[in-house]
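Generate the whole structure from the sequences, applying the supplied hints.
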Amino acid sequence: MIKNQKLAETMTDNPAQIIIKDRREYNSWVASETLEDYALRYTPKSFRKWSELLVANTAMGGISFLALEAIGGSIAISYGFANSFWAIVVVGAIIFLAGIPICYYASKYNIDMDLLTRGAGFGYIGSTITSLIYASFTFIFFALEAAIMSQALELYFHLPLAIGYIVCSLIIIPLVFFGVTLINQIQLWTQPLWLILMIAPYIFVLYKEPAALSNWFNFAGKSTSGAGFDPLLFGSAATVSFSLIAQLGEQVDYLRFLPDKTAKNRNRWWLAVILAGPGWIILGGAKQLGGAFLASLAVSHGVSFTKAVEPIQMYLAGFEAIFSNPAIVLTVGTLFVIISQIKINVTNAYAGSLAWSNFFSRVTHSHPGRVVWLVFNVAIALLMMELGVFATLEKVLGLYSNVAIAWIGALVADLAINKPLGISPSYIEFKRAYLYNINPVGFGSMLVGSLVAIAAFVGVFGPVAQAYSPFIALGLAFILAPIIAILTKGKYYIARENLLLKNTIAHSLKCSICGAEYEPQDMADCPVYDGHICSLCCSLNSRCHDICKHSKLTKNRLSKIQIKNILLQKISPHMGLRILKFIGIFSLLSVTVGACLGIIYYQEIWLSPEIAFLANALLGTFLKLYAALLVLIGIGTWWLVLAQESRELAEAELDKQNLQMQQEIIERKKTEIALRKSESKLIKQAKILQETLHNLNQTQAQLIQTEKMSSLGQLVAGVAHEINNPVNFIYANITHVKEYSNNLLDLIKLYQEYYPNRNLKIQDLQSEIDLEFLREDLPKILDSMKVGANRIRQIVLTLRNFSRLDEAEMKPVNIHEGIDSTLLILQHRLKAKPERGEIEIIKAYSDLPAVECYAGKLNQVFMNILSNAIDALEEREKEAAKEKQSLASPCVRITTEIIDKDWVRISIKDNGIGITEIVKSRLFDPFFTTKQVGQGTGLGLSISYQIIVEHHRGRLRCLSTPKKGTEFQIEIPIRQS
Numbered sequence: 004m005i006k007n008q009k010l011a012e013t014m015t016d017n018p019a020q021i022i023i024k025d026r027r028e029y030n031s032w033v034a035s036e037t038l039e040d041y042a043l044r045y046t047p048k049s050f051r052k053w054s055e056l057l058v059a060n061t062a063m064g065g066i067s068f069l070a071l072e073a074i075g076g077s078i079a080i081s082y083g084f085a086n087s088f089w090a091i092v093v094v095g096a097i098i099f100l101a102g103i104p105i106c107y108y109a110s111k112y113n114i115d116m117d118l119l120t121r122g123a124g125f126g127y128i129g130s131t132i133t134s135l136i137y138a139s140f141t142f143i144f145f146a147l148e149a150a151i152m153s154q155a156l157e158l159y160f161h162l163p164l165a166i167g168y169i170v171c172s173l174i175i176i177p178l179v180f181f182g183v184t185l186i187n188q189i190q191l192w193t194q195p196l197w198l199i200l201m202i203a204p205y206i207f208v209l210y211k212e213p214a215a216l217s218n219w220f221n222f223a224g225k226s227t228s229g230a231g232f233d234p235l236l237f238g239s240a241a242t243v244s245f246s247l248i249a250q251l252g253e254q255v256d257y258l259r260f261l262p263d264k265t266a267k268n269r270n271r272w273w274l275a276v277i278l279a280g281p282g283w284i285i286l287g288g289a290k291q292l293g294g295a296f297l298a299s300l301a302v303s304h305g306v307s308f309t310k311a312v313e314p315i316q317m318y319l320a321g322f323e324a325i326f327s328n329p330a331i332v333l334t335v336g337t338l339f340v341i342i343s344q345i346k347i348n349v350t351n352a353y354a355g356s357l358a359w360s361n362f363f364s365r366v367t368h369s370h371p372g373r374v375v376w377l378v379f380n381v382a383i384a385l386l387m388m389e390l391g392v393f394a395t396l397e398k399v400l401g402l403y404s405n406v407a408i409a410w411i412g413a414l415v416a417d418l419a420i421n422k423p424l425g426i427s428p429s430y431i432e433f434k435r436a437y438l439y440n441i442n443p444v445g446f447g448s449m450l451v452g453s454l455v456a457i458a459a460f461v462g463v464f465g466p467v468a469q470a471y472s473p474f475i476a477l478g479l480a481f482i483l484a485p486i487i488a489i490l491t492k493g494k495y496y497i498a499r500e501n502l503l504l505k506n507t508i509a510h511s512l513k514c515s516i517c518g519a520e521y522e523p524q525d526m527a528d529c530p531v532y533d534g535h536i537c538s539l540c541c542s543l544n545s546r547c548h549d550i551c552k553h554s555k556l557t558k559n560r561l562s563k564i565q566i567k568n569i570l571l572q573k574i575s576p577h578m579g580l581r582i583l584k585f586i587g588i589f590s591l592l593s594v595t596v597g598a599c600l601g602i603i604y605y606q607e608i609w610l611s612p613e614i615a616f617l618a619n620a621l622l623g624t625f626l627k628l629y630a631a632l633l634v635l636i637g638i639g640t641w642w643l644v645l646a647q648e649s650r651e652l653a654e655a656e657l658d659k660q661n662l663q664m665q666q667e668i669i670e671r672k673k674t675e676i677a678l679r680k681s682e683s684k685l686i687k688q689a690k691i692l693q694e695t696l697h698n699l700n701q702t703q704a705q706l707i708q709t710e711k712m713s714s715l716g717q718l719v720a721g722v723a724h725e726i727n728n729p730v731n732f733i734y735a736n737i738t739h740v741k742e743y744s745n746n747l748l749d750l751i752k753l754y755q756e757y758y759p760n761r762n763l764k765i766q767d768l769q770s771e772i773d774l775e776f777l778r779e780d781l782p783k784i785l786d787s788m789k790v791g792a793n794r795i796r797q798i799v800l801t802l803r804n805f806s807r808l809d810e811a812e813m814k815p816v817n818i819h820e821g822i823d824s825t826l827l828i829l830q831h832r833l834k835a836k837p838e839r840g841e842i843e844i845i846k847a848y849s850d851l852p853a854v855e856c857y858a859g860k861l862n863q864v865f866m867n868i869l870s871n872a873i874d875a876l877e878e879r880e881k882e883a884a885k886e887k888q889s890l891a892s893p894c895v896r897i898t899t900e901i902i903d904k905d906w907v908r909i910s911i912k913d914n915g916i917g918i919t920e921i922v923k924s925r926l927f928d929p930f931f932t933t934k935q936v937g938q939g940t941g942l943g944l945s946i947s948y949q950i951i952v953e954h955h956r957g958r959l960r961c962l963s964t965p966k967k968g969t970e971f972q973i974e975i976p977i978r979q980s
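Each residue of the sequence shown is one higher than the last, beginning at 4 in this note's numbering.
Since the hints were made in silico from the structure, they are not lab data.
All C-beta atoms in this analysis are idealised placements derived from N, C-alpha and C, irrespective of residue type, glycine included.
Where hints are given, some of them may not hold.
Below 35 Å or equal to it, Euclidean Cα-Cα: the simulated DSBU-like pairs (lysine-lysine) are [claimed, not checked]:
id: 1; residue 1: K885; residue 2: K783
id: 2; residue 1: K764; residue 2: K752
id: 3; residue 1: K923; residue 2: K912
id: 4; residue 1: K680; residue 2: K659
id: 5; residue 1: K834; residue 2: K783
id: 6; residue 1: K846; residue 2: K881
id: 7; residue 1: K912; residue 2: K834
id: 8; residue 1: K264; residue 2: K492
id: 9; residue 1: K923; residue 2: K885
id: 10; residue 1: K111; residue 2: K422
id: 11; residue 1: K680; residue 2: K690
id: 12; residue 1: K627; residue 2: K659
id: 13; residue 1: K584; residue 2: K673
id: 14; residue 1: K264; residue 2: K211
id: 15; residue 1: K48; residue 2: K783
id: 16; residue 1: K690; residue 2: K673
id: 17; residue 1: K834; residue 2: K881
id: 18; residue 1: K783; residue 2: K764
id: 19; residue 1: K814; residue 2: K836
id: 20; residue 1: K881; residue 2: K967
id: 21; residue 1: K673; residue 2: K513
id: 22; residue 1: K904; residue 2: K923
id: 23; residue 1: K659; residue 2: K513
id: 24; residue 1: K834; residue 2: K860
id: 25; residue 1: K494; residue 2: K584
id: 26; residue 1: K846; residue 2: K912
id: 27; residue 1: K211; residue 2: K111
id: 28; residue 1: K752; residue 2: K741
id: 29; residue 1: K741; residue 2: K673
id: 30; residue 1: K552; residue 2: K492
id: 31; residue 1: K887; residue 2: K967
id: 32; residue 1: K422; residue 2: K267
id: 33; residue 1: K814; residue 2: K789
Label pairs and their computed distance ranges (CB to CB) [unchecked claim]:
id: 34; residue 1: S787; residue 2: P815; range: 49 to 55 Å
id: 35; residue 1: G231; residue 2: C599; range: 35 to 41 Å
id: 36; residue 1: L692; residue 2: V922; range: 26 to 32 Å
id: 37; residue 1: A883; residue 2: E775; range: 51 to 57 Å
id: 38; residue 1: S683; residue 2: V952; range: 42 to 48 Å
id: 39; residue 1: S744; residue 2: Q979; range: 52 to 58 Å
id: 40; residue 1: V922; residue 2: Q688; range: 31 to 37 Å
As C-alpha cells, then:
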C-alpha cells in the first residue's frame with residue numbers, strides 16, 4: 004500500500020519520470036542460460052556448480068593455442084635468440100603482474116572482462132571500445148589458430164587452404180553452442196593427451212640432439228644483431244609479444260564461474276585464481292620459448308624461414324626425434340595441431356561471443372543471443388583468414404598490442420592503485436543504472452596511451468619510441484588513470500547510489516520487465532519502471548534515456564540545457580540541428596576510415612621493400628578510394644540522422660500518449676489504493692475470524708476428548724470403588740471360613756472315631772454327600788476363592804491406578820505401573836481372535852527411578868499409542884489374509900531406559916503395517932486420521948503430543964517404515980522442577 008501511495012505521489016510531482024511497463028520476452032537462445040551462460044550478467048551462485056579444480060582446468064585449456072609457438076618462432080627468426088628470449092621473459096612478467104588484480108576482482112565478483120572494465124574506470128559506454136578491442140583479440144587469434152590448423156590439414160590431407168579455413172571455422176560453432184558446460188568436458192578429456200604430445204618432442208629432441216639447445220642459444224635468424232642483444236630489436240620483439248596481454252580476458256571469462264571464496268576452500272580458490280589467471284603466462288611464456296627453440300630446430304633441419312614459423316613444421320621437426328616413420332610423424336603432428344587448435348578456438352569463439360554481445364547490446368539496445376554473435380565472430384575470423392592474416396602476423400599483432408596494453412594498463416591502475424587508495428569505489432559496479440556513460444579515468448587514460456603509442460609505432464617519434472611503443476602505452480595509461488581520478492575526485496564512477504547494496508537480501512528478486520528472477524547482485528532499483536530490473540533489461544532499454552541518473556536538475560545538466568537552447572536559437576535557423584548531427588557523425592566515421600586506410604597504406608606499401616617504389620603511384624589510388632568511401636559514408640550518415648530523427652519523433656509522440664495514460668492511471672491508482680485498504684481490512688478480519696473458528700473447533704474437540712477420558716476415568720474409579728468394599732469383605736472372611744470349615748471337619752472326624760456305629764440316616768446322608776470327597780475338596784475351593792478375590796483386588800487397584808483421580812497434580816510415580824495398568828485394560832484386545840493370533844507383549848524394562856509427571860495424562864498417552872499399535876497389527880492381518888501371506892506373529896515391544904542421565908525414554912514398537920512419510924508428516928495434526936469414519940476422531944495422537952511436549956516439556960517422535968512397523972518414542976525429564 005505504501006509503495007503504491009508513493010508511486011502515485013511521484014507521478015503527480017513528476018509524471019514524465021514513470022514509463023508504463025512493457026513486458027520483454029527473450030527468444031529461446033537468450034532465455035536458456037545453458038546456451039547463454041549469463042552473458043552480459045553477473046554469474047549467479049546457483050549456476051557456479053563446478054569445483055575450483057575443474058574451472059581452473061578449463062581456463063588453462065585455453066592456453067593450448069599454437070599461436071604462442073608461432074609468435075615465439077616469428078620473433079626468434081626476426082630478432083634472434085637474445086632479443087626474443089628477453090622480450091618473452093620481460094613481457095611475461097608484466098602480464099603476470101597485471102593479471103593478479105584483474106583475475107582477483109573478476110573471480111571475487113563473478114563478472115566477465117567487459118563488466119569488470121565498466122566498473123573499473125571506463126563507464127557504461129566507455130567500455131564499449133574495450134569490448135571492441137577484446138572482440139578483435141578473439142577473432143584475430145581465432146583466425147591465426149584456424150590458419151595453423153588449416154596448414155596442418157593441407158599438409159596431411161592436401162586440403163586447399165581456402166577450404167581448410169572454412170572447415171576449421173565451422174567445426175568450432177557446435178562445440179561452443181552450449182557454452183561452458185560443454186567446453187568444460189572438452190578441456191577435461193583432451194588435457195592429458197595434449198600435455199603428452201606437447202612435452203614429449205622437447206624431451207626426445209634434447210635427448211637425441213643435445214646440440215639443439217646450443218644451436219638455439221646462437222640462433223640469429225634474420226636479426227641484424229645476430230644472436231646478441233639489441234635494445235631496439237628487443238623493443239620490437241616485445242611489441243609482438245605484448246599482444247597476448249588480452250588473453251587475460253579469456254581467462255577471466257572462465258574464472259567468473261569459480262565458487263565463492265570461503266574459509267574452507269580459501270587455499271583452493273586462490274590457487275585456481277593465480278594458476279588459471281595470471282599464471283597462464285608461465286606456461287604461455289614457456290610455449291613461446293619452445294616455439295623459438297623448435298623454429299631454430301626446423302631451420303637446422305632445412306626448413307625455410309617462411310615455413311619455420313608454422314607450428315606444424317615446428318612440431319614435425321620435434322616428432323622426428325620420437326618416430327622414425329615419416330607417416331607417423333605427420334599423423335601425430337597433425338593430431339596434436341588439431342587438438343591444440345580446437346582447445347583454444349572454443350575459448351576464442353566463446354570469449355568473442357561474450358564481447359560482441361556486450362558491444363552490440365549497448366550500441367543497438369538489442370540482444371538476439373550469445374549464439375548469434377558466436378557465428379558473427381567466427382565469420383569475421385574466416386574473412387581474415389581468407390585475406391591472409393597469418394602472412395602479416397607481426398604487423399597485425401604489433402599494431403593491436405599498442406591499444407590492448409593501454410586498456411589493460413588503465414584497468415590495472417584503477418584496480419591496484421585507485422581502489423586501495425579510496426579514489427574509486429571499493430566494489431565493482433557494472434550495471435547501467437548506476438554508472439556514468441563515460442568515465443574519463445579509464446577511458447581517457449586508455450585513449451591518450453593508445454593514440455600516443457600508435458603514433459610512436461608508426462614512427463612519428465623516431466626509432467626508439469617505435470620499438471618501445473607498447474611500453475609507452477602501458478606507462479602512460481597506468482600513470483594517467485590515478486592522476487585523472489584525483490583531478491575528477493572520482494565523481495564519474497557512480498551516477499547514483501545503489502540502495503540494494505545496503506540491504507542484505509538472501510532471496511532472488513523478480514525483474515519487473517522480463518518477469519524472471521535473479522540474484523540481488525544482478526538487479527537494480529529502477530525508479531522509471533518503479534520496481535527492480537535485471538541488468539540485461541536495463542542495458543537493452545531504449546525508452547528511459549537514463550532518467551534515473553538525472554532525477555534532479557544538477558548544475559551540469561542545467562548547463563547542457565542552456566547550451567542546447569543556444570544552439571537551437573542561434574545556429575539552428577542557419578544550419579539546422581540535423582546538419583550538426585550529420586557533421587558530427589560524418590566526421591567521426593570519415594576520420595576512422597581514413598585512419599584505417601592510412602595504416603594499411605603505411606604497413607603494406609610504404610614499409611614493404613618489394614613495392615615501396617610504387618608508393619607514390621598507389622597513394623593517388625588510395626585517395627580516390629577514400630573519396631568514393633566518403634560519398635558512401637555521407638549517404639549512410641544522412642540516412643542514420645533521418646532515421647534517428649524519425650525515431651525521436653515517434654518516441655516523443657509515444658511519451659506524450661504515455662503521459663496522458665499516466666494521468667488516468669494516477670486517478671485509478673488512488674481509487675485502487677483506497678479499495679485495497681478496505682479490502683485488506685476485510686481480508687484481515689476474515690482471516691482472524693477463520694483462525695478463531697479453527698481454534699474454537701480444535702479446542703471443542705479436545706475438550707470433548709478430555710471429557711470422555713475424564714468420564715471414563717470417573718466411571719472406572721467408581722466401579723473400582725464399589726467393587727472394592729465387598730471384595731475386601733470376602734477376601735478378609737475367607738480365612739475365617741477356612742478356619743471354621745477345618746474345625747467342623749476335625750469335629751466330624753472325632754465323631755466318627757468315637758461313634759463308629761452311627762445311625763442309618765446319618766450313614767445314608769454321609770454317602771449321599773460323599774463326605775470324604777467334601778473333606779478333601781472344601782479346602783481347595785476356599786483356596787481358589789482366596790486367589791480369585793486377590794485377583795479382583797489387583798484389578799481394582801489397577802483401575803484406580805489408571806484413573807489417578809486422586810493424583811491430578813504432578814508427582815513422582817512408577818512409570819511401569821502405568822504401562823502395566825494400560826495393558827491390563829487392553830487385555831481383551833490382546834487375546835487371540837479367529838482372524839489373528841494373540842498379540843505378544845515383550846517388556847524390556849530398565850531400572851527407572853520415580854518420574855515426576857501427570858500420571859493420569861501419561862496413562863492416556865500410553866492408551867492412545869498402544870490402541871493404535873493394536874489397530875495397526877489387526878490391519879496387517881487383514882491385508883495378509885487378502886493376499887494370502889504368512890507373517891510373523893504380531894507383537895508389541897515396550898522398552899524403557901534412562902537417557903542423558905536426567906531423561907527417560909519409553910519406546911512402544913509394533914511390527915504392523917507401518918506409516919508412509921506423507922502420513923507421518925501430519926501424524927500429530929488435530930483431526931487427522933487414516934481410519935474409517937466412526938472409527939477415529941484424529942485427536943488421540945494430537946492430544947498425546949500436547950501432553951508430552953507442552954505439559955511435560957518432553958519429546959514425542961514417530962519412527963516408521965512401511966510394511967516393517969512403527970515405533971513411538973516418548974522422552975520426558977525425570978524431574979520437571
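Results for each hint:
{"no.": "1", "hint": "K885 <-> K783", "in the structure": "violated (49 Å)"}
{"no.": "2", "hint": "K764 <-> K752", "in the structure": "holds (18 Å)"}
{"no.": "3", "hint": "K923 <-> K912", "in the structure": "holds (15 Å)"}
{"no.": "4", "hint": "K680 <-> K659", "in the structure": "holds (31 Å)"}
{"no.": "5", "hint": "K834 <-> K783", "in the structure": "holds (29 Å)"}
{"no.": "6", "hint": "K846 <-> K881", "in the structure": "holds (26 Å)"}
{"no.": "7", "hint": "K912 <-> K834", "in the structure": "holds (18 Å)"}
{"no.": "8", "hint": "K264 <-> K492", "in the structure": "holds (32 Å)"}
{"no.": "9", "hint": "K923 <-> K885", "in the structure": "holds (25 Å)"}
{"no.": "10", "hint": "K111 <-> K422", "in the structure": "holds (15 Å)"}
{"no.": "11", "hint": "K680 <-> K690", "in the structure": "holds (15 Å)"}
{"no.": "12", "hint": "K627 <-> K659", "in the structure": "violated (48 Å)"}
{"no.": "13", "hint": "K584 <-> K673", "in the structure": "violated (44 Å)"}
{"no.": "14", "hint": "K264 <-> K211", "in the structure": "violated (47 Å)"}
{"no.": "15", "hint": "K48 <-> K783", "in the structure": "violated (87 Å)"}
{"no.": "16", "hint": "K690 <-> K673", "in the structure": "holds (25 Å)"}
{"no.": "17", "hint": "K834 <-> K881", "in the structure": "holds (16 Å)"}
{"no.": "18", "hint": "K783 <-> K764", "in the structure": "holds (28 Å)"}
{"no.": "19", "hint": "K814 <-> K836", "in the structure": "violated (39 Å)"}
{"no.": "20", "hint": "K881 <-> K967", "in the structure": "holds (15 Å)"}
{"no.": "21", "hint": "K673 <-> K513", "in the structure": "holds (25 Å)"}
{"no.": "22", "hint": "K904 <-> K923", "in the structure": "holds (29 Å)"}
{"no.": "23", "hint": "K659 <-> K513", "in the structure": "holds (29 Å)"}
{"no.": "24", "hint": "K834 <-> K860", "in the structure": "holds (26 Å)"}
{"no.": "25", "hint": "K494 <-> K584", "in the structure": "holds (29 Å)"}
{"no.": "26", "hint": "K846 <-> K912", "in the structure": "holds (11 Å)"}
{"no.": "27", "hint": "K211 <-> K111", "in the structure": "violated (47 Å)"}
{"no.": "28", "hint": "K752 <-> K741", "in the structure": "holds (16 Å)"}
{"no.": "29", "hint": "K741 <-> K673", "in the structure": "violated (100 Å)"}
{"no.": "30", "hint": "K552 <-> K492", "in the structure": "holds (19 Å)"}
{"no.": "31", "hint": "K887 <-> K967", "in the structure": "holds (18 Å)"}
{"no.": "32", "hint": "K422 <-> K267", "in the structure": "holds (27 Å)"}
{"no.": "33", "hint": "K814 <-> K789", "in the structure": "holds (34 Å)"}
{"no.": "34", "hint": "S787 <-> P815: 49 to 55 Å", "in the structure": "violated (38 Å)"}
{"no.": "35", "hint": "G231 <-> C599: 35 to 41 Å", "in the structure": "holds (37 Å)"}
{"no.": "36", "hint": "L692 <-> V922: 26 to 32 Å", "in the structure": "holds (30 Å)"}
{"no.": "37", "hint": "A883 <-> E775: 51 to 57 Å", "in the structure": "holds (55 Å)"}
{"no.": "38", "hint": "S683 <-> V952: 42 to 48 Å", "in the structure": "violated (35 Å)"}
{"no.": "39", "hint": "S744 <-> Q979: 52 to 58 Å", "in the structure": "holds (54 Å)"}
{"no.": "40", "hint": "V922 <-> Q688: 31 to 37 Å", "in the structure": "holds (35 Å)"}
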